[in-house]
Amino acid sequence: MTGSSENLYNPTIFGKNLFPKLAGNSDHCIVNFSFHVSTSRGFLIVSFVIIVSNVFLVHCQSEMIIRYWMISTQENHDQALGANDAALETLALPQNNSITLDAEEVFDTEITGFDILKVKAFQWSRRFVYFYVSPSGYFYYYWTCIVSFGILYNMLAMVIFIFDDVFINHFYHWLYFNLFFDCVFLLDILIQSRTTYTFDGSEVKNIQMTTKNYCKSFRIYFDIASLIPIDIVLIFNSTISLVRMVRLLKVYRLNDFIERAQKCTMFPHAFKIILLITACYVLFHWNACVYFLFSLAEGISEDDTNAFGFSYYKVFDPRIPTCSKCIELEAIWYLSYFRFVKWELGNFSREYSMSIYWSALTITTCGQQPYPSSSPQNMLEVVDTLIGVLVFATIIGGVGSVVTQMNEDVYDFRQKMDGIKFYMKYR
1 MTGSSENLYN PTIFGKNLFP KLAGNSDHCI VNFSFHVSTS RGFLIVSFVI IVSNVFLVHC
61 QSEMIIRYWM ISTQENHDQA LGANDAALET LALPQNNSIT LDAEEVFDTE ITGFDILKVK
121 AFQWSRRFVY FYVSPSGYFY YYWTCIVSFG ILYNMLAMVI FIFDDVFINH FYHWLYFNLF
181 FDCVFLLDIL IQSRTTYTFD GSEVKNIQMT TKNYCKSFRI YFDIASLIPI DIVLIFNSTI
241 SLVRMVRLLK VYRLNDFIER AQKCTMFPHA FKIILLITAC YVLFHWNACV YFLFSLAEGI
301 SEDDTNAFGF SYYKVFDPRI PTCSKCIELE AIWYLSYFRF VKWELGNFSR EYSMSIYWSA
361 LTITTCGQQP YPSSSPQNML EVVDTLIGVL VFATIIGGVG SVVTQMNEDV YDFRQKMDGI
421 KFYMKYR
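Residues 1 to 427, numbered by full-length UniProt numbering, are exactly what the sequence shown covers, in order.
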């Protein structure tokens, strides 16, 4: 060591210089260490501790470097082996035959077409069993529309068989349509039992809870009562078609469709007008059938145009004149019979057209009808007049509300335009 005596007694300087010298020349360090033992025992102990600690640190660093080097060498070796294996597996012979290395057998199951079909069938069956319907969705809206058509069909069809031509030619077709719409009503029970509802601000989609909610409502009683198989009676007695009136217990579904259609339609005013026309036509249709029933009960007159009841003499088959070359005036009187085409209509067309005409004029209180001549005719006329007053008020009120709402929309638009013009002028 070449330092001064102060440096020898300074532990910091001695610790910094001791380890490199120890690593560089071990014999020289041992001589210096023996020399300083005789000088101070305390300095010897401190120096020994510093030497041991530095040697331990160097040893740890060396082990860490060796460990990292071995790990990196092993990784490089594994990568090289993997690259060689991949090259050998993809190597092709001149005969285009690939060389494959022997490996452990791995059994991979392939899904065949039948297995895929079973999986799809399971998924579809699960969707069918656990499906639910949202009342704000399009499916529920269109389904309610179909149910409403079934209700209107029953309203119109159950009374029209008072006409003989319809009863003779279309009775069995009517039974088939009845069976179809009965199936629709039966399926409607399932759909309503899966219809979600709102509870505490959240939509309940659990099918058990939706079914319980449907069973607690009044709708289930109407739905079950409307599916009573009364059509069996028609097999034994086909003249009492009014037994289908129990199907009208589902008329509340028609109200559901109207409420949703008013929210979804882009033409609410036109929809209200169509709804009013439909309601009036159903009422006219029922009243026309009642009028023809009274005519059958009292006997149909063939030649009396002033009779209160129906008469074929009031409704002629239309005759369409034909065009031909000009003829002399003297020949017109005896050729006029051959100068037209007679359009022969069936009895139902004449009967229904006359009955619906009488019904519309009577209910709307337009008059211009023959006076009743018997007590049943007077009673029918009075009832029709009372109904007509209500219908007339309904028509006027419905049309008036539509016109008023349209005027309000126009007034609001004009008011906004006036405000915009005022702002653009005085801004």
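If you are wondering where the hints come from, they were derived from the structure by calculation, not from laboratory data.
Please read all numbers here as calculations on a predicted model, not as lab measurements.
Possibly wrong hints are sitting among the right ones.
In the DSBU-like style, the derived pairs of lysine-lysine whose C-alpha atoms are separated by at most 35 Å in a straight line are [unchecked claim]: (1) K314 to K118; (2) K212 to K118; (3) K272 to K118; (4) K263 to K118; (5) K263 to K205; (6) K421 to K272; (7) K216 to K272; (8) K118 to K205; (9) K314 to K212; (10) K421 to K314; (11) K216 to K263; (12) K205 to K216; (13) K263 to K212; (14) K314 to K205.
Beta-carbon label-pair distances, calculated as ranges [said to hold, decoys possible]: (15) A121 to V403: 30 to 36 Å; (16) Y312 to I232: 35 to 41 Å; (17) L390 to L152: 27 to 33 Å; (18) S217 to K425: 39 to 45 Å; (19) Y423 to T211: 31 to 37 Å.
Think of the CB as a built atom: it goes at the ideal place given N, C-alpha and C, for glycine as much as any other residue.
Quick rundown of the hints versus the structure:
1. With a C-alpha separation of about 68 Å, the suggested pairing of K314 with K118 is violated against the 35 Å cut-off.
2. For the proposed pair K212 and K118, the alpha carbon gap of about 32 Å is at most 35 Å, so the pair holds.
3. Of the pairs offered as hints, the one joining K272 and K118 is violated, with about 50 Å between alpha carbons and a cut-off of 35 Å exceeded.
4. A distance of roughly 42 Å separates the Cα atoms of K263 and K118; the hinted pair therefore is violated under the 35 Å criterion.
5. The straight-line distance between the Cα atoms of K263 and K205 is roughly 23 Å, inside the 35 Å bound, and the hint therefore holds.
6. Of the pairs offered as hints, the one joining K421 and K272 holds, with about 34 Å between alpha carbons and a cut-off of 35 Å not exceeded.
7. Annotation: proposed proximity of K216 to K272 holds, straight-line Cα distance about 33 Å (limit 35 Å).
8. As the CA atoms of K118 and K205 are separated by approximately 27 Å, the hinted pair is consistent with the 35 Å bound.
9. Taken as a hint, the K314 and K212 pair is broken in the structure, with Cα atoms around 59 Å apart against an allowance of 35 Å.
10. Proposed proximity of K421 and K314 is contradicted: the alpha carbons are some 63 Å apart, above 35 Å.
11. A distance of roughly 27 Å separates the Cα atoms of K216 and K263; the hinted pair therefore holds under the 35 Å criterion.
12. For a cut-off of 35 Å, the pair hint linking K205 to K216 stands: about 17 Å separates their Cα positions.
13. Between K263 and K212 the CA atoms are separated by roughly 28 Å; this keeps the pair inside 35 Å, and the hint holds.
14. Straight-line distance between C-alpha atoms of K314 and K205 comes to about 61 Å, which puts the hinted pair past the 35 Å bound.
15. The hinted window of 30 to 36 Å between A121 and V403 is violated, with their beta carbons roughly 57 Å apart.
16. Between Y312 and I232 the beta carbons are some 36 Å apart, a value that agrees with the proposed interval 35 to 41 Å.
17. About 21 Å separates the C-beta atoms of L390 and L152, a value inconsistent with the hinted range of 27 to 33 Å.
18. Between S217 and K425 the CB atoms are about 59 Å apart, so this pair departs from the stated range of 39 to 45 Å.
19. Distance hint check for Y423 and T211: the Cβ-Cβ separation is about 58 Å, which falls outside the suggested range of 31 to 37 Å.
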